[in-house]
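*Asks:* Let's have the full structure, built from the sequences with the hints guiding it.
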Amino acid sequence: MSGGLDARLAALGEAASLAEGRLDPAVVADAKAVTAKAGARLGLGLESTVVALAGPTGAGKSQLFNALTGTELAAVGRRRPTTSIAQAATWGDGADPLLDWLEIPRRHRLDAAELDGLVLLDLPDFDSVEAAHRLEVDRVVALADLVVWVVDPQKYADAALHDRYLRPLASHAAAMALVLNQSDLLLAPEVATWRRDAERLLAEDGLRDVPLVVLSARTGDGLPDLRRLLAARVAAREAALTRLAADVDAAARALGSSCEGSARGVQRDDRARLVASLEDAAGVPAVVRAVDAAHRRRGALATGWPFVRWLRRLRPDPLRRFRLPETPQPNVRTSLPPATDVQHAQVATATRRLADRASDGLAPPWPTLVRAAATATERETADRLDRAVAGADLQTRAPLWWKAANALQRLLALAVAAGAVWLLGLAVLGYLRVDDVVPVPEFRDIPIPTWLLVGGAVAGIALAVLARIVNGFGARRRARAAGSSLRKRVDEVAQELVVAPVEAELDAHSRLCAAVATAAGDRKGLSSMLRR
Amino acid sequence: MSTDLSAALARLRDALAAVRLDLELPGAGQARRVRDDLVAQVDDYLLPRLRQMDAPVLMVVGGSTGAGKSTLVNSLVGSEVSPAGVLRPTTRAPVLACHPDDLRWFEDQRVLPGLARTTGGTPDAGTLHLVPTSALPEGLALLDSPDIDSVLAENRALANQLLAAADAWLFVTTAARYADAVPWEFLHAARDRGTSLSVVLNRVPADADREVPAHLQEMLRERGLTGVDLLVVAESALADGRIPEGPLAPVRRWLDTLAADAEARAGLIRRTLRGAVASLPARAGAVERAAVEQLATAGELRSDVDAAYAEAVREVDAALRSGSLLRGEVLARWHEVVGTGDFMRAIESRVGVVRDRLRSLLTNSPSAEHELQVAVENRVEAVIRAAGEHAAERAARVWRERPSGHALLAEAPELERASPRLTAATEDEVRNWQTFVFDLVRREGAERRMAARVASLGVNGAGLAVMLAVFAHTGGLTGAEVVVAGGTSAVGQRLLEAILGDQAVRTLATRAREDLVERVERLLREDAARFEARLDAMAPDAEAYAELRAATDAVRRAS
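Chains as they are written, first to last, in our numbering: chain A, -18 to 513; chain B, 2 to 560.
Hints listed in this document are in silico derivations from the structure and should not be mistaken for laboratory results.
A quick note: this is a predicted structure, and the numbers were derived from the prediction, not measured.
One or more hints might be untrue.
[Unchecked claim] Stretch-level coverage of chain A by chain B, calculated; a stretch enters the list once three of its residues show a Cβ under 8 Å from a Cβ in chain B:
no.: 1; region: 137 to 147
no.: 2; region: 342 to 350
no.: 3; region: 474 to 482
no.: 4; region: 495 to 502
From the three backbone atoms N, C-alpha and C, an ideal C-beta is built for every residue, glycine too.
*Replies:* Below, the structure written as structure tokens:
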């Protein structure tokens, strides 16, 4: 059983650390206190069983304590409240570390084989005008393995007992017992009625299974029943485990109170919408246009007709204007126009929509937590997007054929120049009327220099037009490739800044609830908890 | 004097009932209890008693469960008027025993108007059971109340109400009970309310008949309950369910003295009444202080919300002024409207040429224009919606840091987001705004104030131009920025500059912007009103507080 409890404690610890910063701090602190307490209690061994006698003032706790120990250790009096400091009686050795842990200095050692291992605590009352007594009771009741509530015919229905202790401890039925003391004040038939009414009240508190003993500490009537009950619990050495299991159960239930419902998870279209708004904010369309334009410009400079292509230089290179690097350099700042307020607004709305729809179906506070996770890095978005763009492969490498085309263009330009010079020479000779002296080679009846000039020009222009068409295709292809590279990188940003935190939060929810289910011990416990 | 006082009391009662104290502040629970107590005391005791000073003394027998209240009443009356037994709580319906001639005082709704009366048979829970008995003298009625501390919450509430209605309390406790915390709270309440009090210490065992009464006396003295009659009843076997006359003697004697002396009874009534009225201003003052705190806290929470939403309005306003709404898609659509494709971009043209082209385009293809309108709509909506979300988040964040705000949010987690209706409302408002702008342009056009150039765009075109002017006008959208943002041509830009330069357009744009900002403010105010509604439901309003002060003063003057 201890093994099972260890696993449940570990699960509770995990659930508590997952709940840290997410759920009600008081509930988390309770769960942590339970794990700490359980560790301490288990470390002190199961040889001793701590039984606390708790009850309202005048119910006869001290008298019962004396009756059980066979001593006059506890002061019994008429003045209320009588007992103000808890004291302990131990049967057998080795309970001192346990009592140190319980912080109970007044202790007495007794011997009785039957109850060996019992540590009996006499507590102050919890309902008198002395508020300090209540605090002491609360402290010890949280630690004891078995709490025996002692009441009398006057006080068994008090709100101070039922509302403050029994109902909140409804999950601790196995770690409690109820003693109806002072039965000697009633007649026998009245005792039976009383017992039935007490059982009814316990059932109303959700404590149907709590053992109930009617006795009179004064006359000793019914005392053996209680003694037997205690002896059985002490001999079984399981009271501590039972108590801790109940504590773990209650703490797990409290942590799991927001576990009903399951998340829808990040929806595909929400994610697409977010990525689209981020692309817009990152200036992806502008960059894609710039890639297209830059390729056309560079292509024209490389492969255009040399006699006019320099005109292109008069216009700036679009990529340089945005200070977009030629090779991916995520740490370089671009000078793309910053995202506008509208773009910020669209990113903000898409982010919230994604978070809200992903957490749809979860109980509070999870939707709030998911939204907080999604928007936590909102301020970093602009910077991250800029780096994503700067780090994208913008496909700016010059294609190899540009060199060949450029060489050809130069050759053709050379031919045009040569033809022009030749024709100019011929014109000079003609002016001087000596053109017949130098023979002009002809090809198909047209002089070679004319071929060179006209043919070179026509071929050069044709090549430029052809290259322009090819570059147009190339530019579109590169723009597409750059676009998909950019989109991929923006998608990574969306994943990292929004989707991953949202999924981490949803994952925390499911892990927390799984841990709570493990800690709560059984499927049945979980399902009944979920139904609640 | 008594009518004055009655009127003042009724006013105080109404003023108290109107003060909401539902914000979670330290001490608020206590203040709520004081307020409800006061209202109940005025209703159940002060007003009925002032109306009929000669009505019999109503002596409420109250105390812990199992203290023997019913047994005591039965023993005093000499017959079984209230069921007693071992089951706790025993008494679930209060039983009022009085002389048959006094019955008329209690049959109507004068005292305890909220409780139905029954006579004969077994009493039903939640009713007032009337038992006429000649064992009691005229002028004195005993009311056996349910316990103050059992598990039945409705019993506790009823006991509270009955005790508030009493002329005097006969408080029953026992040797086992007398140090319980709950009864002492009631004794303190009796002291605070000025109610005459006698304490019966029941079931005192023979070996404790000195120690326990002495200790109880000491406790009473320590807690400022002086002049309280302490009647000790020794523990004894019950005879036929009643306390034998021997142990009962101190109580019997005390009761007989009171019954025999009409003057003493009247004195008791007057004493309690005086004490009760005298205690009112101080107790109402406690409620007042709580109301002040609640008002201050509500004010803080309100200003948190105001600040969050004012910031949102500023956010939208800044977005409008920055010209950012104009960039991107809106400008692209603008170019489609003015028809500058790639070909047109290459041509430098005079504005007049474009205008002609524009006019023909506008008449032929209204869809480009429509798309521009939609683009404008989408931009404005996106900005307002995001501002609404931010404002709700900001307000919720600040609220969560205050305990009172935290409690309010826990009950209404939907406040952390913009209201679901904001999207639809925004769409409506932006569309209404566009209609407003078109109407404006139509009116101005009719008055021929606009330059011919702009007027030539037609109502729709001019309207759109005015909207663009709203976003561009004060934003200092420079020509360079337009080029960067839209990859725009000089054509669209020149036309735009021409439009923006038009004095009439500028005037219209100013009015259109004011209208838009007003609409945004209204939209966000409606969203902020969700927070205010929560506050209004929980916190007192200033008038209620002022009325409470005035009513308290009136009681002080009248008494």
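*Asks:* Against this structure, judge whether each hint is valid.
*Replies:* Verification of the supplied hints:
1. With 7 residues carrying a beta carbon less than 8 Å from a beta carbon of chain B, the region 137 to 147 of chain A meets the three-residue requirement, and the given coverage holds.
2. Note: the region 342 to 350 of chain A has 4 residues with beta-carbon separation from chain B under 8 Å; the three-residue rule is met and the coverage holds.
3. Coverage of a stretch by a chain is defined here by at least three residues with a beta carbon nearer than 8 Å to that chain's beta carbons; for the region 474 to 482 of chain A and chain B the count is 0, and the condition is violated.
4. Using a Cβ-Cβ cut-off of 8 Å, 0 residues of the region 495 to 502 of chain A lie near chain B, which falls short of the minimum of three, so the contact claim is violated.
Hints 3, 4 from the list above are not met by this structure, while the remaining hints are.
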